[in-house]
Structures are given as C-alpha cells and as structure tokens.
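All chains should be built: construct the whole structure from the sequences, respecting the hints.
There are 2 protein chains.
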Amino acid sequence: AVPRGFRALDLESVKHYVAARPGLQQRVGPADSVESWSVREVGDGNINFVFIVEGPSGSLCIKQALPYVRCVGEDWPLTQDRCRIEAEALGEEAAVCPAHVPALYLYDPAMALIAMHFLAPPHIILRRGLIAGATYPALAAHLADFLAATLFHTSALKLSTTAFRQKIAQFTNDEMCRLTEQVILTEPYITAKNNRWTSPQLDADVAALQSDVAARVAVSELKSLFIGRPQALLHGDLHTGSIMVTDTETAVIDPEFAFVGPMAFDVAKILANLLLAYFSTDGHEAASGQSREAQRAWLLSCMRDIWSGFTSAFCRLWSEHAAAGGDLYPAALVGPEAPAGPATLAACQAAFLEGLWGETVSFMGAFVIRRLVGIAHVADMDSIADPDTRAACERRALRFGRRMLVEGSRSGLGSVAALTEAAEAARAAPSS
Amino acid sequence: AVPRGFRALDLESVKHYVAARPGLQQRVGPADSVESWSVREVGDGNINFVFIVEGPSGSLCIKQALPYVRCVGEDWPLTQDRCRIEAEALGEEAAVCPAHVPALYLYDPAMALIAMHFLAPPHIILRRGLIAGATYPALAAHLADFLAATLFHTSALKLSTTAFRQKIAQFTNDEMCRLTEQVILTEPYITAKNNRWTSPQLDADVAALQSDVAARVAVSELKSLFIGRPQALLHGDLHTGSIMVTDTETAVIDPEFAFVGPMAFDVAKILANLLLAYFSTDGHEAASGQSREAQRAWLLSCMRDIWSGFTSAFCRLWSEHAAAGGDLYPAALVGPEAPAGPATLAACQAAFLEGLWGETVSFMGAFVIRRLVGIAHVADMDSIADPDTRAACERRALRFGRRMLVEGSRSGLGSVAALTEAAEAARAAPSS
Ligand SMILES: Nc1ncnc2c1ncn2[C@@H]1O[C@H](COP(=O)(O)OP(=O)(O)O)[C@@H](O)[C@H]1O
Ligand SMILES: Nc1ncnc2c1ncn2[C@@H]1O[C@H](COP(=O)(O)OP(=O)(O)O)[C@@H](O)[C@H]1O
Ligand SMILES: [Mg+2]
Ligand SMILES: [Mg+2]
Ligand SMILES: [Mg+2]
Ligand SMILES: [Mg+2]
Ligand SMILES: [Mg+2]
Numbered sequence: 001a002v003p004r005g006f007r008a009l010d011l012e013s014v015k016h017y018v019a020a021r022p023g024l025q026q027r028v029g030p031a032d033s034v035e036s037w038s039v040r041e042v043g044d045g046n047i048n049f050v051f052i053v054e055g056p057s058g059s060l061c062i063k064q065a066l067p068y069v070r071c072v073g074e075d076w077p078l079t080q081d082r083c084r085i086e087a088e089a090l091g092e093e094a095a096v097c098p099a100h101v102p103a104l105y106l107y108d109p110a111m112a113l114i115a116m117h118f119l120a121p122p123h124i125i126l127r128r129g130l131i132a133g134a135t136y137p138a139l140a141a142h143l144a145d146f147l148a149a150t151l152f153h154t155s156a157l158k159l160s161t162t163a164f165r166q167k168i169a170q171f172t173n174d175e176m177c178r179l180t181e182q183v184i185l186t187e188p189y190i191t192a193k194n195n196r197w198t199s200p201q202l203d204a205d206v207a208a209l210q211s212d213v214a215a216r217v218a219v220s221e222l223k224s225l226f227i228g229r230p231q232a233l234l235h236g237d238l239h240t241g242s243i244m245v246t247d248t249e250t251a252v253i254d255p256e257f258a259f260v261g262p263m264a265f266d267v268a269k270i271l272a273n274l275l276l277a278y279f280s281t282d283g284h285e286a287a288s289g290q291s292r293e294a295q296r297a298w299l300l301s302c303m304r305d306i307w308s309g310f311t312s313a314f315c316r317l318w319s320e321h322a323a324a325g326g327d328l329y330p331a332a333l334v335g336p337e338a339p340a341g342p343a344t345l346a347a348c349q350a351a352f353l354e355g356l357w358g359e360t361v362s363f364m365g366a367f368v369i370r371r372l373v374g375i376a377h378v379a380d381m382d383s384i385a386d387p388d389t390r391a392a393c394e395r396r397a398l399r400f401g402r403r404m405l406v407e408g409s410r411s412g413l414g415s416v417a418a419l420t421e422a423a424e425a426a427r428a429a430p431s432s
Numbered sequence: 001a002v003p004r005g006f007r008a009l010d011l012e013s014v015k016h017y018v019a020a021r022p023g024l025q026q027r028v029g030p031a032d033s034v035e036s037w038s039v040r041e042v043g044d045g046n047i048n049f050v051f052i053v054e055g056p057s058g059s060l061c062i063k064q065a066l067p068y069v070r071c072v073g074e075d076w077p078l079t080q081d082r083c084r085i086e087a088e089a090l091g092e093e094a095a096v097c098p099a100h101v102p103a104l105y106l107y108d109p110a111m112a113l114i115a116m117h118f119l120a121p122p123h124i125i126l127r128r129g130l131i132a133g134a135t136y137p138a139l140a141a142h143l144a145d146f147l148a149a150t151l152f153h154t155s156a157l158k159l160s161t162t163a164f165r166q167k168i169a170q171f172t173n174d175e176m177c178r179l180t181e182q183v184i185l186t187e188p189y190i191t192a193k194n195n196r197w198t199s200p201q202l203d204a205d206v207a208a209l210q211s212d213v214a215a216r217v218a219v220s221e222l223k224s225l226f227i228g229r230p231q232a233l234l235h236g237d238l239h240t241g242s243i244m245v246t247d248t249e250t251a252v253i254d255p256e257f258a259f260v261g262p263m264a265f266d267v268a269k270i271l272a273n274l275l276l277a278y279f280s281t282d283g284h285e286a287a288s289g290q291s292r293e294a295q296r297a298w299l300l301s302c303m304r305d306i307w308s309g310f311t312s313a314f315c316r317l318w319s320e321h322a323a324a325g326g327d328l329y330p331a332a333l334v335g336p337e338a339p340a341g342p343a344t345l346a347a348c349q350a351a352f353l354e355g356l357w358g359e360t361v362s363f364m365g366a367f368v369i370r371r372l373v374g375i376a377h378v379a380d381m382d383s384i385a386d387p388d389t390r391a392a393c394e395r396r397a398l399r400f401g402r403r404m405l406v407e408g409s410r411s412g413l414g415s416v417a418a419l420t421e422a423a424e425a426a427r428a429a430p431s432s
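As they're listed, the protein sequences go chains Y and S. Going by the working numbering, the final residue of the first sequence carries number 432, and the count climbs one at a time with no gaps. Going by the working numbering, the final residue of the second sequence carries number 432, and the count climbs one at a time with no gaps.
Wrong hints could be hidden among the right ones.
Have a look at the derived ranges for each label pair, beta carbon to beta carbon [to be verified]: (1) 414/S / 70/Y: 16 to 26 Å; (2) 70/Y / 308/S: 51 to 61 Å; (3) 72/S / 2/Y: 44 to 54 Å; (4) 68/Y / 169/S: 23 to 33 Å; (5) 77/Y / 91/S: 48 to 58 Å.
Simulated from the structure, these hints should not be mistaken for lab results. Every residue gets a Cβ at the ideal spot worked out from N, C-alpha and C, and that includes glycine.
Here it is, written out as structure tokens:
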C-alpha cells in the first residue's frame, strides 16, 4: 500500500519540498531564493525518479520511489519499501566504507524518498565513461575495498549469528528479489514475452540456450543460492550503471535491491558488466575507427585487480578479526591463541575463496546472458548501431557467458587470470 | 521475558489447568472426576517438562517450556518462544504428514505449553527400544515419508519464494539455533568446559581431534550451512530420542529446534543416531552375552532404506509438482510441456541429490562426534557400564565420525551402500 501522505514530486514541487525542510534547504540556498533554484530530473535508470536541485549555496540529489516501475508504468507495480531498503543499505555501507558511498541526508518513509549528496560532474556513470572509451586507474582498488568492507562486516564472519539473523529479517526485500529471480534467473532460459535480442542474427543462439539442459541446471543452482544462501548484506545491483566515477573517485549508488544473499552475487555482477564492456569494444572500434586496444587491456586488468584486491582485503579483515570475530569462525577455533588456530584460519580462508570463485564465475555467466537475451540490455551493446556488428559482439559474449555459467571454475576458468585469458581467446574467435 | 500470566505447572496444578479447559477436560474425564485423575511427569528430555494426565475418558500429554534449560536450571536461561516454534512446527508437519506427528490440541502462549495426543504404550522412545535390542520393520519407510513430506512441502521447490521467505521469518529460532551452533558445531572442536568423554581412555583421541585442522575446516563449513543455507523447514532435533515407535507406528515429537535450514541436517541427524546405536552394539553384546548381529544388520539396512526411501519419495513429489511447483524450479523450466523440461528436471534432481548426500555425510560426522565428546551424550553408549568396553565402541565411532565429517561423499563414502559398508569395516577394525 502507498504510504499515507505520499505524493509524487515534480520539477516544481521538489523545490518546495526541499525549502520546507531546513536540514535540506540550507544545503541549497536561502529559503527566499527558491524561485532561483534550478531542478532537473536525471533518472536514466529504469525504476525511480531522481531530481538534482541546485541553488546559490549548493546542490542536492532527491530520489523518489513511485509505486510502480518507472520505465513500464502503473502496469508493473513495485513496493515503495525499496526506498527504505536503499536508505538502510546506504547507512550500512557508509558505516564501513564512507569513501565510496554518497552521504545520506534524509529518508522520508511517507514520501518514499531519500535526499543525498549530489555527485557533481565530472562524476559520470561508469557505464557511460566506458562506452566513451575511458579508463579509470583508481576504480579497481576502490571497488575492491567497497566489496571487502561491505561483505565482510555484514557477514557472520564479523557479526554474532543473532545480529546476522536480525540483518536477514531487516533486509527482507521480497519484491525486489522476485524481480531478480524473474528477469535474471528465469526468463532468459524460457520463452518469455519480456525477452529480446538482436534478431534475426541471434535467433539460433537463443533457441539453443533455451533448450540447453546444462545451462538450465546451472541457473537453477544459482537461483537456489540467490534464494537460500544468506552470507552478507549485498548491494544487489552492482553493475556499471550503479557506480559513479571520476579519475580519482568512485561512488556506489542505488542499493535498492539490497538483501542478505550470496557474496558471489555482488562480485560477479560488477565483473560481468566489465566483461560486457570488453566484448562491446569491437563494435565501438568499428564505428569510430579508433583503437580500443588499451581500454581492452585495462578492462581485463581491472577485473583481475578487483578480484585480487577484494580477496586480499577481505582476508586481511578476517585475519584482523580472528581474535574477536563473529560466530561463524570463533576465536577459539581460528584465533592466534587457539591450538592450530592460525593453520585453521589459513585453511578456512583458502576453502572459502575457492568456493567463492566458483560461484562468482557461474553468476558472471548468468549476468552476461541476461543482458543479451533478457528484458534489460546494456547500453555498451545497444549503442552499437550496426546490428550485424552488434550481433557479432553479443554472440561472443553469449557463448562465453554460457561457458562461465555451466563450467564455473572448472575446466579453464580456475582463476581470474585464466578467466581473462579465456575471455581474450573468446573475443578473438570467429563470431559465426 | 517470561509471558504475563505464566506459572510453572506441577503434578497437582496440571490437573486443574486441564479441568478448566473444556476442550482438554473432555478428553480426560468429567470435570467432577478430577480427583481420580492420575498425573505423572515423564520428561526424560533435557529441556522441558512433560506431564501425562489420565482419567476415566482418556489421556493427554502436556509439555511446558520453563524459561531455562531443565537439566541445568536457571543458570542456563532459554527462550520460551521455543514452545511457539514447537506448536507451529507440529502444525506444519501435521499438514503434510499427519500419520507421523502427534495431534496438537492446544497451544497456550502465556503458559508456554502445548497439549497433544499421548502416545500410549507400547509406544516407546526409539533410542530406548534400540538399546534394548529391538528392531522396527516399519521405521525406515515411515521416516522416509516424514522427511520427504516435511522437507519438500516447506521448500521453494513447492512454495513461492514469497511464502518461503515468510517461513524463514516465522521460524527464526535464534536461541535454539545458537545452542546447536555452540554444542554441536563448536565445542567438540575446542577446549570447552561443557565437553566430556570417557577418560582417560579417549584423552588422546580427543586431543587429536581438537587440533585437527581438516576437521575444524569441515565443521566450519557445516556451521556456514547451518547459519546460511535455508532450504526447508527442519525438525532440527531429529535423533532417536525424538521418535516414538511401536512395531507398526512411528511418531516424531519435539520440534522445538525447528528453523529453515539445510535439508541435510535432518537427514543426517537420524542416520547418525542409528550409526551410534550400531557402534554401541558390541558393548551391549559384551554385557548381555546375547548376539546383536541381527540388529546390526537391520540398523544398516534401516539407514539405507531411509535414504533410498526418502530420496525416491522426495523426487516423486518434486516430479508430481513439476507442472505447478514452487518458484525454485518453475514449470516453464522443468515442467512436462517445457522445451527440454523432463531432461532438465532429471538433471536437476540428480545434481540436487548428489549435493545433498555430500552434506548429509559430513553432518553425520559432526553428529556422531558431538555425542562422544560434547555436552550431551547418548544413552546407547552411556549405558555400556564397563568403561573400557564403552571406550572401544566410542573410539571406533569417533574415528568413523571424523572420516565422514572431513571426507563427506568423497573417497569411499559416495553412496549410502558404500557408507554402511565402510561402517562395517570400521566396526571390525581393532579399537586401539
Ligand atoms: N547521488 C547522485 N549524484 C548524482 N547523480 C545521481 C545520484 N544518484 C543518482 N544519480 C543519477 O540518477 C540516475 C538514476 O539513479 P539510480 O539510483 O540508478 O536510479 P534507479 O534506481 O532508477 O536505477 C543515475 O544513473 C545517475 O545519473
Ligand atoms: N506426545 C507424547 N506422548 C507420549 N510421551 C511423550 C510425548 N511427548 C513427550 N513424551 C515423553 O516425554 C519425553 C520428553 O519429551 P520431549 O518432547 O522430547 O522433551 P524435551 O524437549 O525436553 O526433550 C519423551 O522422551 C517422551 O518419553
Ligand atoms: Mg540504477
Ligand atoms: Mg535502482
Ligand atoms: Mg526431546
Ligand atoms: Mg526438545
Ligand atoms: Mg544429534
């Protein structure tokens, strides 16, 4: 049900909303300057409305959740509780990784809106920067820190199991999880009216996928993890459209899909979206005549650096907390004073990372596939105007996605270095 | 906090409690016959009080949860919410498997008690029957049905993910889960004052276990599943002391540890307790001079029949629901009409059972070990009076438990037949 007192804001009413709340108003300008404030709606996302309010003293970003999916309309209702989830997840992230999350100024449950720091230009959505051919030298280290901090501190490696179970309850996000289950983990593998792909070029590829028993078994296993593997509070939508960057800064926005789920989900989503960018470069090269070789090399190194930076930061946190950690690996078992404690800790970390990598590769496959066959595609591919060129890029990505989904860390994908090498080979292969 | 209006019942007050509630009273006898009713307290369990009330018209069983652990006393407080969990779990079990659950007549939250059907003699606690040397020809088929029905119908194989997430919330059972985490999945592997074992005979074995890196890694993996693998509503304490039997009937009692967790937990607990009975037979033979060979053969066949009966009943339910099942394996993916649906279903079932068996073996190891080294032992072993004889039985069980925990379904334990064969070899090996 829509909260009492809810009303959808527009360019005019958002100003008065801000002006009426001193804590917000003073960030923008004196109350009597309201008429001079400028407001624009920048929500290029699919789901919500985002307003930027600027005035003589500064700026603000206001994000409001309507009771339906923006890009579809009232035909696709969606809980406004997603705004609470986003506000509370921003709070959890900021508590452990303030450098990479926009500051939250206000959460208004009745209006289903949040007010947050405006990430002003030159901040740009990472996906847009990548499409333009840019590279971001600080990105991998920042994302590694974000992943390690948020995933470690919200897991039972850090928390008591009591606190962990409370977090599961607090972040129960049923409708948003159902969306993921539907559009990522089911529809691409069946005949569904939401699906789309570059047709007719990919018709045969999609038909093959949709009767591919091994792919269906693998995606069912991932759905089972998504539904039933609470490990840490996830961002839940960590693609390149949820990250704003400059050459030196990185901010993660839009955690409305947050829930307690398998860590591999977040790690895989960002890696898969970098891989989609990688497979799209041939299309942009063809259109512009400008080489993307350097960007390609950077994209693969960024993937490697995210994984290795994340895993080493994560294990560093784990080791630092071994003497007073959460209930999953108690000090009496893995602490420095425990009999065989350090050896146990090292072996637990190795086993943990091995399992995590396998799940990450398989989730990467599902994330690549859904962006080529499912309801929501990526601009990296969609912006390749020539359909044959685009289809050639998409087919290579789709094949590699299928391989990751089905094989996980088996065969040639046992490490991130092996995976990026295999991606290079897949890109070099003929797309026919 | 203790509920308002709570008072602990005793042999006298329980009669008046029943007499004051017509729905209960009429099951026992006319209200003016109360003075002739007999009451006894039969709680041989460790945690709660159980009263049997008998009168001219019949009988009743009243189980009350005090705000602490019965066998320890007020020093070990324990939530009375366990009584709500037990009542609601009995309801869920009865909805899908009424033949093997005592009927629930009343749940009184303020008094933290339930009234249920009295399982009259010749019903006996299975563990007691096994210690006496008995066998139960109908047991395996009944337990197979109980496991299949309760685990299937409360999982996302049957339910929508929305309903499944609601079940997780409803059955959040933090304090009882913390008990399991502590006494089963942690303490046996560390120095803990609760631990006990046959000493000095097993001192070296226990010392070895408590610095065994592989065992600690394996039990940590199980704890991670226990905390973070919601798959179905579990009974949560399905040992041979939670089952009452006759030659032809089987009833599962005492689901106060119920929560949504890994299916392997319930399956493994009953199998492990049968295995403990198996390894204890040499001690009872030595004391009585009577052969237990036939009981041993039956115990192993019972384990095989539980696993094979459970897996075939579970897959039968799954296949029957494939056209209109839960969200985890939707009809569009595995239904009879879906492209490659039947092949996908078969492959999903095979993958599911393979994973489940591995987790079951490993949990079995943990359940065997905790009953030899942890706080709560089993009467199967404890009733062997001679400590050397008992220690010989326990050492064989402990070694086999360690092997199951660490190896899971790897090496020689890939099927239930292989496992029972390995158990025979372990029993025949010298215990020194
Ligand atoms: N804090 C912010 N600062 C600057 N721009 C923002 C901020 N939050 C969102 N935006 C802009 O609004 C767009 C949509 O925001 P997002 O949170 O992704 O909404 P949705 O949930 O609809 O996807 C982003 O792509 C970005 O361009
Ligand atoms: N419905 C019943 N019918 C007959 N006896 C019962 C019944 N429920 C419990 N008992 C007896 O009471 C004992 C303790 O019950 P149980 O539910 O296991 O309590 P606890 O939670 O303390 O372990 C059982 O071992 C059994 O002997
Ligand atoms: Mg977005
Ligand atoms: Mg969003
Ligand atoms: Mg009991
Ligand atoms: Mg009990
Ligand atoms: Mg047990």
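Taking the beta carbons of residue 72/S and residue 2/Y, is their distance inside 44 to 54 Å?
Holds, since residue 72/S and residue 2/Y (Cβ atoms, about 51 Å apart) stay within the stated range.
Can the suggested window of 51 to 61 Å be confirmed for the beta-carbon pair residue 70/Y and residue 308/S?
Since the Cβ atoms of residue 70/Y and residue 308/S sit about 53 Å apart, the hinted range of 51 to 61 Å holds.
Hint says 16 to 26 Å; check whether the CB-CB distance for residue 414/S and residue 70/Y agrees.
52 Å, violated
Distance restraint evaluation - residue 77/Y, residue 91/S, Cβ atoms, bounds 48 to 58 Å
32 Å, violated
For the hint 23 to 33 Å, verify it against the beta carbon of residue 68/Y and that of residue 169/S.
The hint (23 to 33 Å, Cβ to Cβ) holds, given that residue 68/Y and residue 169/S are roughly 26 Å apart.
In this structure, the earlier hints numbered 1, 5 are contradicted, and the remaining ones agree with it.
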